[in-house]
Amino acid sequence: MLTWLVLLPVAGAIVVLLTPRARQELHLPLGIALSILPLGLALYVFGVFEPQAQMQMTELHTWYEPWGITWNLGIDGISMPMVVLTTILVPVALGASTKITTRTKEFVVYTLLLEAGMIGVFVSLDLFLFFVFFEAILIPMYFIIGIWGSERRIYAAMKFFIYTAFGSALMLAGIIALAVLHNEQVGSPSFALADLSGLDLSIGAERWLFAAFALAFAIKVPVFPLHTWLPDAHTEAPTAGSILLAGVMLKLGTYGLLRFNLLLFPEASVDAIWIMGILAVIGIVYGAAVAIVQPDLKKLVAYSSVSHLGFIVLGTFALTSGGLQGAVIQNVNHGLTTGALFLLVGMIYERRHTKQISEFGGLQKVMPVFAGFFLFMIFASIGLPGLNGFVGEFLVLIGSFTTLPTLAIIAASGVILAAIYLLWAYERVFTGVPDKEENETLTDLSVREVSLLAPLATLVLLLGLYPNILLDKIAPSTEAILDRIEASTDYVVPPPGRLGDVFVAGEEDE
Amino acid sequence: MVEFLWIIIALPLAGAVFLHFFGRYLREPLSGWLASAAVGGSFAFAVAAAMPFLQGGEHAETLLLWEWMPAIGANLEILWDPLSALMVLIVTGVGFLIHVFAIGYMHGDERFHRFFTNLNLFAASMLTLVLAGNYAMLFLGWELVGLCSYLLIGFWYVRAAPPPAAKKAFVVNRIGDFGLMVGLMIVFSAFGTLSYSGIFERAGAELTTGVATAVGLLFLLGAAGKSAQIPLYVWLPDAMEGPTPVSALIHAATMVTAGVYLIARSAAIYELSTVAQITVATVGALTALWAASIALAQRDIKKVLAYSTVSQLGYMFLAVGTTAYVAGIFHLMTHAFFKALLFLGAGSVIHAMSDEQDMHKMGGLLKKMPVTGWTMAIATLAIAGIPPLAGFWSKDEILGSAFARGGWFSALWVIGLVTALLTAFYMTRQWVMVFLGEPRWDEDKHPHESPAVMTFPLVVLAVLSVVGGLINTPFRLTLEHFLEPAFEMVSMQRPPEGWAMFALLAGLSVLAGLAGAAAAFLTYRQPEQGWRGFETGFEPLWGTWEGAYHVDDIYGRVIVAPGRKAAEAAAFAVDLPVIDGAVNGVARVVRGVGDWARPLQTGFVRNYGALLLAGTVTVVIWLVVGS
Amino acid sequence: MVDPGWYMALAGALFLIGALGLLIRRNALVMFMCIELMLNAVNLTLISAGRALNDINGQVAVFFILVVAAAEVVVGLAIIVAIFRLRASASVDELSELKG
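Sequence lines, in order, name chains A, B and C.
Using our numbering, you'd call the opening residue of the first sequence number 1 and step up by one each time.
Using our numbering, you'd call the opening residue of the second sequence number 1 and step up by one each time.
Using our numbering, you'd call the opening residue of the third sequence number 1 and step up by one each time.
Don't take every hint at face value.
[Stated by the list, open to error] A short list of chain A residues far from chain B (calculated; beta carbon distances all over 12 Å): (1) Ile139; (2) Gly187; (3) Leu387; (4) Thr403; (5) Pro405; (6) Val415; (7) Leu422; (8) Val433.
[Said to hold, decoys possible] One side of the interface only, derived from the structure: several residues of chain B facing chain A at Cβ under 8 Å: (9) Ala71; (10) Asp109; (11) Glu110; (12) Gly154; (13) Val371; (14) Leu504; (15) Leu508; (16) Ala573; (17) Pro577.
[As the list claims (entries may be wrong)] Examples of chain B residues lying across from chain C (beta carbon under 7 Å, computed): (18) Thr602; (19) Arg606; (20) Tyr608; (21) Gly609; (22) Leu611; (23) Leu613; (24) Ala614; (25) Gly615.
In short, the hints are calculated from the structure, not lab data.
For clarity, every value in this text was computed on a predicted model and none was experimentally measured.
In this text, a Cβ means the ideal position worked out from N, Cα and C, and glycines have one as well.
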């Protein structure tokens, strides 16, 4: 099943590759149609997914036996939401790319390959395989930014590629070190996550390995102060690139921290909660402060990502049920809302060929539907209860207060700053009288554009009001992580950090 | 009945959803009537559902809608007790009247249906807030009313002033929300739940005074944001940029009272901390006086009412801080009646004067619009505390309770008394300036009485402003008995016992009210030069009041400007040159090394081959000799 | 059975010839042949060592090398032919575009 999920986009890419280059009008619709298939399969996976802690739908094939490398796939409550999110965002990203008219075929092929890589990362249970996918993603994204980006695309693509590849080089060393240690302790090398998490590491080794992994993931997230590639990459990337970059690729970092750092190095993770927490909180406040004064809409949203992802990192290292659940669901939430915001900025960019806030004004008058969607997503991003952003943020804040009270309080101030930068931007872009001639004749959203936004908006609302469709499936996996940390270290989650400590009114009556 | 309580929220919500998608297909008044019917239906349902409380039935019932965030014990659940029932009745009752009024007021607006969409959404949000069975759901409603407030203040988005006012309201509210959120974090970490029942039952046993004080003060910050108290009141006067029905509904009768409701609901926590109680009461009393003094000198008819609202909310804070919860809620109710009436009356005047809001350009309107004029007169007397109108009873109960508590609260009582005098003065000033004297309006204005759809709500509210206070007089404490079950776990402050004390205190506040009203009446009955002279006689104090103590400027200079500077510094002095500079610096170093190593690449294959061979030979020799 | 040392000596001689050829000649085609010579010298050592140590892996490795070398010949010759067509010369000294 999961193999199919990974290979379907590859197959799609091959199909697109086989179509004649001259039939350019065919490539994009074909690509969208082909990207619906993985979405269907992912929704099926979502449907049959059992809310339990173990890996499900596991597949194990030997790849290179002497080194213990395997094609080992599986899915649990942490990766399942990400897979579904990926398959949702790819058709949206392709659907937003009608303005890409040069080398359309390659663009579709790269996007589909990117999808395969992203799904592969989330379902890999073998560290080597994970690393292959983790790196393979960089290539199509490099080309997407470098070929179809705006003026400074080469600079941004290079920076993005080298910065992230630099981090993963250290991680590769860490992965190999783990396999070698496994060889020493058990007698055969192995890259399987399950094997490696059983290793007996000295605290020194654990800290070094933690640092190697954490650096790679922190660059990807990005955690302050490793974030500067992000605004550049976002600003230069085409809309589809920005959507997938913000929606999925940044989550590779937070996913990695959650899946690998916490699981493989529990002792070091417990030691690191303050460092990671402080960096996360600096990111929240700093990203928001920088976002306030950005003159470019895409940069503003990019810096808001830095701020929002800080919440995920904080929740991850809070090591409580609420924090971890919040981190996982915030992965999805941020993907939906920020993906949608980039989509919206892309739509206005297609009409006006500028992203400068000062170029706009009074757009609500001429594009009311667009303004409505924009405001909706802004409020989702601000963390308005009833929309999805709140669920993640609130879980993270409440969850992290138990272990990191000071940091949680500072992080909560991020909600003020988010309101300032987003509403101020909205005010400047949408309200008042359209005072520039170019803005007076803009057309409102087409049916195609609405059909791209409407599913995202629906999910934003659904996850805000009934997050249990995901939380139910996430909870057993996050609890398992906490169980493991408590079992392998002296650390005990202070009450009421665990689900079992939570008092539900009326429960005792039954 | 309880299992259908969700209908109360669902009706206006359904109205909002329907109007959002299909409102544009309805002809003008229809969407307004539909929205009104949704709120009216909720009111009717709430009346039916509240009946058991009057008959002494079950006191509190909960209804679980669905699980929301189980990890922090937050579900969507409805709590139906006398307090929430009363709040629902106020919200839907007054809300219905204002909906009806708005049908007339918004006549001709091109986004007529959109206005009612938002108004219905607001009603649903406010009902969510007051019906919530836990703090998480309360916070849901709390933020959603903030959203609706944002949308409705900024309703006329093409004009210059409303959008910044809307943003200011939301952001200032967010500062308060920060306090509320941190308070909720502490509450959760102390109890492992956010559910009212779980918290209040265990609060007495499990909460230390220090934690209770912290939570109380943080909740106060949240409440001060939503209910426009010092230091966060600055958004409410600006919020008057919204259409007047919005000011009446959201910024007078319902949303701004959410802070009072929050504190009353959290009585079990405030019970444990005298410090928090004193702080709440002091903030309330100071706000009451502060805002009343500003209201004295305003020229804009809505600004007077805005500051008056802030001031009256201060009274309610004084009440709940004194732990006279019933008095606070009582004043919340009567205030909803007479302040909604005042705002709607002001709306009627503005409507008649073609959007003129400056009272200096009014005068003599009583003849032109008698219904508006006389109903507003009733409301003015009610807010001034003239017996037996509604405001007298509730205000007197607050002042009496503060007096009875004694100590520091006696000082607050004095402040309250002075505020009563000022209140009577500025309200009478407003009424006289608008309705009596010589007409001062421009030639092109043709004031006229508003249509029946607008005057009908005025009349109903006027009746309520007259008789509304009678449900809780010292002679017959109906409201107190009704609300008692909601406050049975806390000790509540009451006015002093005995008719003599009642007569003395009531006499003092009536005296203050009459004095203020009489002074204003006599001053502003004079021709224009007379009262203008009176006002200039108070300079420079009058100017300071008219400029609202220049608090906006001060905040701008002390908080906003430095904050913006800091953000700019972070973006352009730190992020680009330092952090990104470091990254690009590393890249430059790498490039420098490359430049240095470039000459090694001669481009001649044989050079490479020779180097390769030399390297191989070296390795071989090293292997042979070294081992 | 011939002593494996002789094979090694032969392989060493072949390798040296190849290496010297690579350094001295400037015709790309001849240099290419020299590289092949060096490769086969290595192959010879692998086979003879495998034979002497009675380990099949040596011969297996040779097969790999042969396959890779064949692929390399295909690509390399194609490049050389392409360059020859372009320049009408196969002298490597004229091909120094990659000078740093």
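**Asked** Can we keep the glycine 615(B) interface hint, with Cβ of chain C closer than 7 Å?
**Response** violated, 12 Å
Using the nearest Cβ pair, does alanine 614(B) come within less than 7 Å of chain C? Not OK, violated: alanine 614(B) not within 7 Å of chain C, min 10 Å.
Given glycine 154(B) as an interface hint, is its Cβ closer than 8 Å to any Cβ of chain A?
Holds. Min distance 7 Å.
Minimum beta-carbon distance criterion (7 Å), arginine 606(B) to chain C: Result: holds, 5 Å to nearest chain C Cβ.
Checklist entry - When you look at the beta carbon of glycine 187(A), is every beta carbon of chain B farther off than 12 Å? => result Its Cβ never comes within 12 Å of chain B, the nearest being 28 Å, so this holds.
Quick one, is the alanine 573(B) hint okay against chain A at 8 Å, beta carbons? With a minimum Cβ separation of about 11 Å from chain A (threshold 8 Å), the hint on alanine 573(B) is violated.
Status of the proline 577(B) interface restraint (C-beta, 8 Å, chain A) | Because about 11 Å separates proline 577(B) from the closest Cβ in chain A, which is outside the 8 Å limit, the hint is violated.
Close enough to count: is the Cβ of valine 371(B) nearer than 8 Å to one in chain A? Hint violated; valine 371(B) Cβ to chain A Cβ min 36 Å, cut 8 Å.
Checklist entry - Are all C-beta atoms of chain B more than 12 Å from that of valine 415(A)? => result violated, 6 Å
Q.
Using the nearest Cβ pair, does leucine 504(B) come within less than 8 Å of chain A?
A. This hint is violated: leucine 504(B) lies away from chain A, its Cβ roughly 46 Å from the closest one there, beyond 8 Å.
Discussion item. Given tyrosine 608(B) as an interface hint, is its Cβ closer than 7 Å to any Cβ of chain C?
Written reply: Cβ of tyrosine 608(B) sits 10 Å from chain C, so the hint is violated.
Practice task
Would you assess whether isoleucine 139(A), listed as outside the interface, keeps its beta-carbon beyond 12 Å of every beta-carbon in chain B?
Solution key: For isoleucine 139(A), whose nearest Cβ neighbour in chain B is about 20 Å away, the distance exceeds 12 Å, so it holds.
Taken one by one, the earlier hints fail for this structure at numbers 3, 4, 5, 6, 7, 8, 10, 11, 13, 14, 15, 16, 17, 20, 22, 24 and 25, listed in ascending order.
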